[in-house]
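Undergrad: Once you have looked at the hints, place chain B on chain A.
One-letter residues, chain by chain:
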Amino acid sequence: MGKEIKYTGTPLKIIQEKPEMVVEWPRSLKHFHTYGKLTKFFQELKNGRLFATYCSNFNCEEKRLWLPPRADCPDCNQLTSWIEVPNPVIGEVYTFTKVEYPGEGIELEYPYFQIDIDLGSQFATIFKSYLLYGEPYIGMEVIAGFRTDNPTNTILDIFWIPKK
Amino acid sequence: MIKFGKGNLRIPKWQRPVYVVAGGLTPFRKRFPEYKMEELCAMAYRQMTQENDLLLSPKEIKGLLNFAAYGEFADHFQDQLLCEAKVHDYLGLDPLPNIGVKTGGATGGSTVLAAAMAIASGYADCVLAMGWERMDEVDTKTGNFYISTAACKDFETRLARMYTAYYAPMARRFTEIYKVSETTRAKIAVKNRLYAYYSPYAQQGGKHTIEEVLSSKMICDPLRVLECCAMSVGAASMLLCSEELAYELSEKPCRLYIAGGTHTLRVADRRHMDIPMLPHEKSGMYDELLKEITAQGGRWPGFESFLAARFAAYMLYRMAGIKNPIEDLDLVELHDAFTISDLQTYGDIGLRPYGEETDYIESGDAYFGGKCPSNLSGGLLGTMHAVGATGIFQGIECLWQIQNKYDKFHGDTKIWEYCKKEKPKDWISLQVLKAKKALWISHAGVGSHVTAGLLEKAF
Chain A
92 MGKEIKYTGT PLKIIQEKPE MVVEWPRSLK HFHTYGKLTK FFQELKNGRL
142 FATYCSNFNC EEKRLWLPPR ADCPDCNQLT SWIEVPNPVI GEVYTFTKVE
192 YPGEGIELEY PYFQIDIDLG SQFATIFKSY LLYGEPYIGM EVIAGFRTDN
242 PTNTILDIFW IPKK
Chain B
187 MIKFGKGNLR IPKWQRPVYV VAGGLTPFRK RFPEYKMEEL CAMAYRQMTQ
237 ENDLLLSPKE IKGLLNFAAY GEFADHFQDQ LLCEAKVHDY LGLDPLPNIG
287 VKTGGATGGS TVLAAAMAIA SGYADCVLAM GWERMDEVDT KTGNFYISTA
337 ACKDFETRLA RMYTAYYAPM ARRFTEIYKV SETTRAKIAV KNRLYAYYSP
387 YAQQGGKHTI EEVLSSKMIC DPLRVLECCA MSVGAASMLL CSEELAYELS
437 EKPCRLYIAG GTHTLRVADR RHMDIPMLPH EKSGMYDELL KEITAQGGRW
487 PGFESFLAAR FAAYMLYRMA GIKNPIEDLD LVELHDAFTI SDLQTYGDIG
537 LRPYGEETDY IESGDAYFGG KCPSNLSGGL LGTMHAVGAT GIFQGIECLW
587 QIQNKYDKFH GDTKIWEYCK KEKPKDWISL QVLKAKKALW ISHAGVGSHV
637 TAGLLEKAF
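Sequences listed follow chains A and B, in order. When we follow this note's numbering, the leftmost residue of the first sequence carries the number 92, and every step to the right adds one. When we follow this note's numbering, the leftmost residue of the second sequence carries the number 187, and every step to the right adds one.
Simulated from the structure, these hints should not be mistaken for laboratory data. Using N, Cα and C, we set each Cβ at its ideal position, and we do this for glycine too. One or more hints might be untrue.
Claimed, not checked - Subject to a maximum C-alpha distance of 27 Å in a straight line, what follows is the list of computed BS3-like cross-link-like pairs (lysine-lysine):
1) K131/A - K121/A
2) K121/A - K339/B
3) K189/B - K189/A
4) K189/B - K154/A
5) K468/B - K365/B
6) K109/A - K272/B
7) K216/B - K607/B
8) K272/B - K438/B
Stated by the list, open to error - From the structure, some residues in chain B lie toward chain A, with a derived Cβ separation under 7 Å:
9) G290
10) K327
11) T328
12) A346
13) R347
14) R359
15) D455
16) M459
17) P462
18) P610
Just chain A, same shape as in the assembly (with noise of 0.2 Å):
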């Protein structure tokens, strides 16, 4: 007889036997985020830097600045170019909520507001942020925020404060 193969695993719990058996299944998994070509926007908001995008074409009629950034045109479909936003950025709030009930594992104390903000007419698209702290109206002006010390590694590495 050869070696026994041993069970090395967690005996599941059973949830309920009737009327069919659910058991519990616990999980831990790691994933990996890419961030491919847009690594500068992220990197840079370490420094406390915002950093949009604009497509270089010379032919594209699209001239206004994409933040989120896009590494790629999506009107031309060539590549786009970096461009810093200088600071203070400031922008409007375009509307906003309040998050009562955010979902499983949420990195921010809540209740909080989600807000959206237009940066002018010079980007082409809105920016989903949230509000370090006050309250929110369609309209009113804030300026951009960097978490440079203890940095998360993601989009919460940016925040917006009231401009008054």
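TA: Quick look at chain B alone, frame taken from chain A:
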């Protein structure tokens, strides 16, 4: 700016007509531990083949199938990749070809679209379109996180991990631009949950008041819990076929038209563009509205409207010869995952002009007995959002209305027993008399994918 090239607005031309003859549903529940997913699929399949007054036996119908399209939103909810293979085998359909379809909340509609294209192209004569979801193998907060990964993982997911938080900014913006009372949104919740009260399949039907909706727990301001759909478990099954087979299989076949549209995953990426006009809309009719919107820093479709729904309706109405939806349609089933998504869609599909969406509710048109009632099934708010099944369930409810079978599938005591629910003593029929045309909208994300389907009486 999206600018259409000359090929982009081509109206789909199918090689031959497509019909729907039968549908089957399971009851929908928040938790459904009595059955495995494939067992629920078998239940829906049995109702489809055995309870729809088909003229051939289940064995004969099985012998006609050439192809299957399967919809499931998220493999990770039940930790089962390739569930399509498991279901296909369980139904005994190997080695017929099948494909899995995944377009978020529009998965069900896209599954019907894939099935229809197989018939329209001649690849198949008889196709099963089935969808399902099992959302009870994780807790609600984990489920909310999983769903929020259908927001942009780079720039959005970490900002809420909760999908309501991506709709709530739209609700606020819509309210601001169009001066909408939250009471109108509450009326949608009251209406659809009431209709679900009469459905044996429904997960959370009930007789609520506007005050109850407005005082219910806030999830993400301004959306409250009674304005949000719940996670569901269940399956839906639809039988599609060619014209020739339609009349061999059924005395009450319905002709199907269906088209799709898409837009960005992130609402905030939606740049201003010209509105594609529906057949009944006149050039220039939105000029003043657009001036007002842009004066408030807005854009079209922006946060208020869904280009994907508008594009799908643009195509569908021209495919199906719809001149004016509010006049030509007898009922609609809309994607009321949230009250606001329902409200936004009224303008997109032309039930009302943009800016006048609330009038569809306030006028009474949207109610049973109104001009074009919506979500008599109970919709997503009241009956179900077992995501992969949803767009199929909606189509089946349209089918049964046109076939004059609302009572058969919602009122029969046996159906209530099948769903293991007690039929309310004050049950009423929501059958629309002489319904000939019914539309349903299947919708994903914050409007990333939409299909618009239409069933037309063909008997």
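Undergrad: So, for every hint listed, does it hold in this structure?
TA: Now for the hints, and whether the structure bears them out:
no.: 1; hint: K131/A - K121/A; in the structure: 24 Å, holds
no.: 2; hint: K121/A - K339/B; in the structure: 16 Å, holds
no.: 3; hint: K189/B - K189/A; in the structure: 35 Å, violated
no.: 4; hint: K189/B - K154/A; in the structure: 15 Å, holds
no.: 5; hint: K468/B - K365/B; in the structure: 24 Å, holds
no.: 6; hint: K109/A - K272/B; in the structure: 25 Å, holds
no.: 7; hint: K216/B - K607/B; in the structure: 14 Å, holds
no.: 8; hint: K272/B - K438/B; in the structure: 32 Å, violated
no.: 9; hint: G290; in the structure: 16 Å, violated
no.: 10; hint: K327; in the structure: 4 Å, holds
no.: 11; hint: T328; in the structure: 5 Å, holds
no.: 12; hint: A346; in the structure: 5 Å, holds
no.: 13; hint: R347; in the structure: 3 Å, holds
no.: 14; hint: R359; in the structure: 4 Å, holds
no.: 15; hint: D455; in the structure: 5 Å, holds
no.: 16; hint: M459; in the structure: 12 Å, violated
no.: 17; hint: P462; in the structure: 18 Å, violated
no.: 18; hint: P610; in the structure: 25 Å, violated
The structure does not agree with the numbered hints 3, 8, 9, 16, 17, 18 stated previously, though it agrees with the rest.
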